[in-house]
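Q: In order, the protein sequence lines correspond to chains A and B. Okay, so the first sequence: first residue is 88 according to my numbering, each after it adds one. Okay, so the second sequence: first residue is 256 according to my numbering, each after it adds one.
Read the hints as simulated data drawn from the structure, not as lab findings. The C-beta atom is built at its ideal place from N, Cα and C for all residues, glycine as well. Not one of these hints is a red herring.
Residues on chain A that point at chain B, a partial pick, calculated with CB under 8 Å: (1) I103; (2) T111; (3) S114; (4) A117; (5) A121; (6) S133; (7) T140; (8) M151; (9) Q160; (10) A181; (11) E183; (12) E189; (13) I191; (14) Y211; (15) L228.
Here is what each chain is made of, one letter per residue.
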Amino acid sequence: MLRFLLVREVNRRLDIAYDYLGLTILSAFALYFAYLTVRGKDLVYSSVSLALTASIVSLIVAFMGYHLIAIVQLLVYVGAAVMFIIVSVSLLGAKETTVRNEYIGVTVALFTLSVLGLYLNKLYTGFTFAKVPPAQTISDLLLSRYMSVLVLIIVALAATIIEAISLAKR
Amino acid sequence: MTAVTIESIGYTITVTGLLLITIGVYGFAATRNLIRMLLSLEIVFNGVFLVILALITSAPSYATALGIILISVVSAEVAVVVAIIAAYYRKTGVLDSDSAENVEGGV
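Just chain B, same shape as in the assembly (with noise of 0.2 Å):
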């Protein structure tokens, strides 16, 4: 049996992220909701956070500092995103990307 060490910890962490990263690109590639897309992009988000954070620990300021960096960034993202989708499904009635180029004169 093997003993359970840091490292084990560590692989854990990082393959937990890589499989979030994976789980999103499938959800974003699957589909052509606007609203599922966003939330498999998070997804990814969430991943691609836990990998980074795996990866930096010996320089743990600049992680915090990024991480909080990253966490407005994407928060602000989130918000431009839901506000361009909701006019969108107020002008066409539906929320799927393939209709999108019949818009015409933009959202």
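Looking at chain A on its own, in the form it has when it is part of the complex (with noise of 0.2 Å):
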């Protein structure tokens, strides 16, 4: 019994540790394909460093649990969104011109980090892997609780497809 206990606890204790590796290495690959998005010479070439950040962090977002969220990231936010980025960048055909002011730039990353950073510290309470209920539950919660809102943002996207159509014609 003491036995069956330890192998049960190691393993788990592997699958944590797993877990934390293989989380890393996608925060990792998520922050340098930030810092190419911010950093890159060519603005289509940054464009798809985001479309890859936003890929990866809906990937990290599904290894917390919430797996509903992760796909709608890819199908909405990667696949509409930011797809719609690349293409109006490569339409534009624009070249980066101006010449970038890294004093300032750091100087506001580092005080944004440090305010953040305290505040965070006092918020954090712990972290557990969401048990989100099936998406039927999820679905449900949207067209009672939420309807509402979920009127509001049906509205503001048919006003925003107007709006962007009308703005692009002009």
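Assembling the complex is the task here: the two chains are given apart, and the hints tell you how they should meet.
A: Take a look at the structure:
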């Protein structure tokens, strides 16, 4: 019995260690592609790096247990919004001519990091893998409690499409 | 050697989100190119998204609903901003935010 419990505990710790290793690799890739998005020489390649960053973030979200959000992020955000940026930037064909102001960038980034770091340190209470209920429960929640928000989003998205088309046709 | 726990996983996700926010803020503050500023803001969004989801794992149903709403709103924002930038570029021929104040009659 004792041996069985010991083996189970070792397996549990090994699972967590493998999860941690995978998460660390994903995080490193996400940060690398985010850096390429910000510092890349060409705007199109930077946009593609953003798509890769968002895809890896959706993998991390799935890893946390939010599978439905990960699917929505891949389909709606990466598949539609970021692709829209890539196609628009490619069609515009604009070149980057502005000079970076590294001093301001680094100062503001360090300030943000220190303030948010302190704040998050207070907010952070603990972490567990999310046990998300089935999609049926989520859709019931969206169609009952969050119905008004859903209607607002649908109206806002429709208005956005009309606005974007009229702006682009001008 | 310290054992890896679920807490370390939570910390790693939160720190990753925090670093994504920092990289995005750096990109937004360091450049004046409008497309690059939009891309940096999207990096900030991804960081905020990760931090929010890592902080509210105790209420997964509401986190899922919030996540779906957030993604929809950000996608709408992207469409509008890209359309404005395209119209601005067609009018001025540059993507520099510093020259925006010299545009007569708006975009």
